[in-house]
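Protein sequences, first through last, are from chains A and B.
For the first sequence, UniProt numbering gives the first residue as 1, with consecutive numbering after it.
For the second sequence, UniProt numbering gives the first residue as 1, with consecutive numbering after it.
In short, the hints are calculated from the structure, not lab data.
One should not assume that every hint holds.
[What the hints assert, rightly or not] Only pairs whose alpha carbons sit at most 25 Å apart, straight line, appear in this in silico SDA-like list of lysine to any residue:
| id | chain 1 | residue 1 | chain 2 | residue 2 |
| --- | --- | --- | --- | --- |
| 1 | B | K184 | B | T61 |
| 2 | A | K134 | B | D107 |
| 3 | A | K39 | B | S53 |
[Stated by the list, open to error] Partial list, derived from the structure: chain A residues whose beta carbon lies under 10 Å from chain B:
| id | residue |
| --- | --- |
| 4 | K39 |
| 5 | V51 |
| 6 | I117 |
| 7 | G125 |
| 8 | M126 |
[Unchecked claim] Here are a few chain A residues that sit away from chain B, every Cβ distance over 12 Å (derived from the structure):
| id | residue |
| --- | --- |
| 9 | E43 |
| 10 | L150 |
| 11 | G160 |
| 12 | I169 |
| 13 | A192 |
| 14 | T205 |
| 15 | R215 |
Think of the CB as a built atom: it goes at the ideal place given N, C-alpha and C, for glycine as much as any other residue.
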Amino acid sequence: MDWQALLLSIKLSTVTVLLLIPLALVVGRWLAYKQFKGKSWVEALIMVPLVLPPTVVGYYLLVGMGSQSWLGQWVEQLTGQQLVFNFTGLVIASILVNIPFAVQPIQRAFETIPEDIRDAAACCGMSRLTLFFKVELPMVWPGVLTALVLCFSHVLGEFGVVLMLGGNIAGETKTISIAIYDSVQAFDFDGAGTMSLVLLIFAITALALTTSLSRRLGGQFGHRNR
Amino acid sequence: MATEIADLFCDISQQAPIPLQAKFHCHAGELLAVVGPSGGGKTTLLRMIAGLSQPQLGTITYGEQTWFDAQQKLNQTPQKRHIGYVPQHFGLFPNLTVLQNVMSGLDHLPKSQRKQRALDWLERVNLNGLPDRLPNNLSGGQRQRVALARALAREPAVLLLDEPFSAVDRETRERLYIELARLKSQLSIPVIMVTHDIHEAQLLADKMILISQGVMLQQGKPFEVLSRPNNEAVAKQMGLRNIFDATVVSQNPQHELTWLSFGEHQIATENAPALNVGEQVRWVVPNQGIRFNAITSGRLCRSINKLDVEIESLLVMGETVRVIASVAGVEHILNTEIPMHLCQKLGLAKGQKTTVAIKSDQIHILYQS
Numbered sequence: 001m002d003w004q005a006l007l008l009s010i011k012l013s014t015v016t017v018l019l020l021i022p023l024a025l026v027v028g029r030w031l032a033y034k035q036f037k038g039k040s041w042v043e044a045l046i047m048v049p050l051v052l053p054p055t056v057v058g059y060y061l062l063v064g065m066g067s068q069s070w071l072g073q074w075v076e077q078l079t080g081q082q083l084v085f086n087f088t089g090l091v092i093a094s095i096l097v098n099i100p101f102a103v104q105p106i107q108r109a110f111e112t113i114p115e116d117i118r119d120a121a122a123c124c125g126m127s128r129l130t131l132f133f134k135v136e137l138p139m140v141w142p143g144v145l146t147a148l149v150l151c152f153s154h155v156l157g158e159f160g161v162v163l164m165l166g167g168n169i170a171g172e173t174k175t176i177s178i179a180i181y182d183s184v185q186a187f188d189f190d191g192a193g194t195m196s197l198v199l200l201i202f203a204i205t206a207l208a209l210t211t212s213l214s215r216r217l218g219g220q221f222g223h224r225n226r
Numbered sequence: 001m002a003t004e005i006a007d008l009f010c011d012i013s014q015q016a017p018i019p020l021q022a023k024f025h026c027h028a029g030e031l032l033a034v035v036g037p038s039g040g041g042k043t044t045l046l047r048m049i050a051g052l053s054q055p056q057l058g059t060i061t062y063g064e065q066t067w068f069d070a071q072q073k074l075n076q077t078p079q080k081r082h083i084g085y086v087p088q089h090f091g092l093f094p095n096l097t098v099l100q101n102v103m104s105g106l107d108h109l110p111k112s113q114r115k116q117r118a119l120d121w122l123e124r125v126n127l128n129g130l131p132d133r134l135p136n137n138l139s140g141g142q143r144q145r146v147a148l149a150r151a152l153a154r155e156p157a158v159l160l161l162d163e164p165f166s167a168v169d170r171e172t173r174e175r176l177y178i179e180l181a182r183l184k185s186q187l188s189i190p191v192i193m194v195t196h197d198i199h200e201a202q203l204l205a206d207k208m209i210l211i212s213q214g215v216m217l218q219q220g221k222p223f224e225v226l227s228r229p230n231n232e233a234v235a236k237q238m239g240l241r242n243i244f245d246a247t248v249v250s251q252n253p254q255h256e257l258t259w260l261s262f263g264e265h266q267i268a269t270e271n272a273p274a275l276n277v278g279e280q281v282r283w284v285v286p287n288q289g290i291r292f293n294a295i296t297s298g299r300l301c302r303s304i305n306k307l308d309v310e311i312e313s314l315l316v317m318g319e320t321v322r323v324i325a326s327v328a329g330v331e332h333i334l335n336t337e338i339p340m341h342l343c344q345k346l347g348l349a350k351g352q353k354t355t356v357a358i359k360s361d362q363i364h365i366l367y368q369s
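Just need the whole structure built from these sequences, with the hints factored in.
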């Protein structure tokens, strides 16, 4: 059992989720309420990581963020560090790959808020910020929870993109899924089995908890009440 | 917070996304009903007054305050207009209790006053005892009253009601009519109510405007609009079914009496506009202008317009009866509704011949459009 890899994976998932969910709240709300030309294209772009093989996403990120790219060179000049093959690069890649997992459930949750409620809030004198924190956020919470668990689990199990962009540096980019792959390559089936079991138990527990919590939160004020 | 009580004036027009044109005043203490079929632009108009959507042209003013002026590119937010708004599905915040819902519109008050104000209004709409319930645990009528309390607790400049009775059952609706009528007498602000139900407008409104396909067809007191529709479109919107052709035979301005030929009959009408002899006109008569003769006693109310009819069908519709009768000497059919008890008292039955009186002061000549 590679504890270092597990801890790194948990750290990567936590950082990704902490950065991605607030961003997804803004984007999801905007996509749910705003009608504009080219909206389908924006939505398609957000969904791309879902349908592309992770290695392809990883390849483009490697090309786009590598030391040969203008972004990679600019960051290297600024910080003296490469953007790929380190933890920061992994966080950026994880955020980009997980955008659909975060935005989709949140956007759908915002879409279920009836216009009447937003109208009433504006006529009650509520500012957008008050409306967001007092009414919208509690109403979209099941969607946020789903996004949170989906992203966390997905980052925890991510393999292709991590391998392409991060390599296999212990303590820096060697996540648990890479560690499992490594163990199998080294015929350490016991280690691979333990780590796989940990991920399996985590996945089932997380999904069960999400479903149950979403149901409880959703049932609390339900969509019957408009 | 509303600092003054004033009249609302609205003069707006737009071509897109839906065509809409309206110009009206709503005075303080007056309940104005915006009536018309679904999709005609009623809710859009209400949302424009609330500041939730913006017309292309025109002005909306409240007393001295300009809420919207297209020329000056001025558009105050709903928050600044300080209005009370009850959306069609009430728009209650499902995660907040009844009390919190009402208090959510009171952020302009000092914190210490908010709870008491909310409780007072819940009591005024007969909802005391439920402040801690979530909206999901309330009946449709209770939810409607929470929304009303939330809107009114703000002491708004204007109260806007969007189809306030459409989402509740009939019994609750009847009770809410009475409550709104009672509240209306206590409020001294302009109240605008959108409805597709002419009956509601007649019951509650001081004034109504009729909107169809984005065009304001007529405004006035509900009784006036019903008895003196501007044109055939208004008459049809008001549910008037007895619209006929006639030719002007003579007009006596002194007596304000105009004679029309209606098939082989001549009928008189009062208060007609100036017409030329021989002119083709369309005329309308509301239900209350048609009186059936009692089959048993042969008594008929006094009228100069008497027509022989044969009852073709009687259709019982709850407490009223739809009477279809053919008029002798005319190809037209009279289609009227009378209360069930009156139908029984008069002894009306299918196939029977009787006489109807058309009240001359209820016959209205329609403008040709």
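Okay, the hints, checked on the actual structure:
no., hint, in the structure
1, B/K184 x B/T61, "holds, 22 Å"
2, A/K134 x B/D107, "holds, 13 Å"
3, A/K39 x B/S53, "holds, 21 Å"
4, K39, "violated, 16 Å"
5, V51, "violated, 34 Å"
6, I117, "holds, 5 Å"
7, G125, "holds, 5 Å"
8, M126, "holds, 7 Å"
9, E43, "holds, 22 Å"
10, L150, "holds, 23 Å"
11, G160, "holds, 40 Å"
12, I169, "holds, 46 Å"
13, A192, "holds, 45 Å"
14, T205, "holds, 27 Å"
15, R215, "holds, 15 Å"
Comparing the model with each numbered hint stated earlier shows that hints 4, 5 do not hold.
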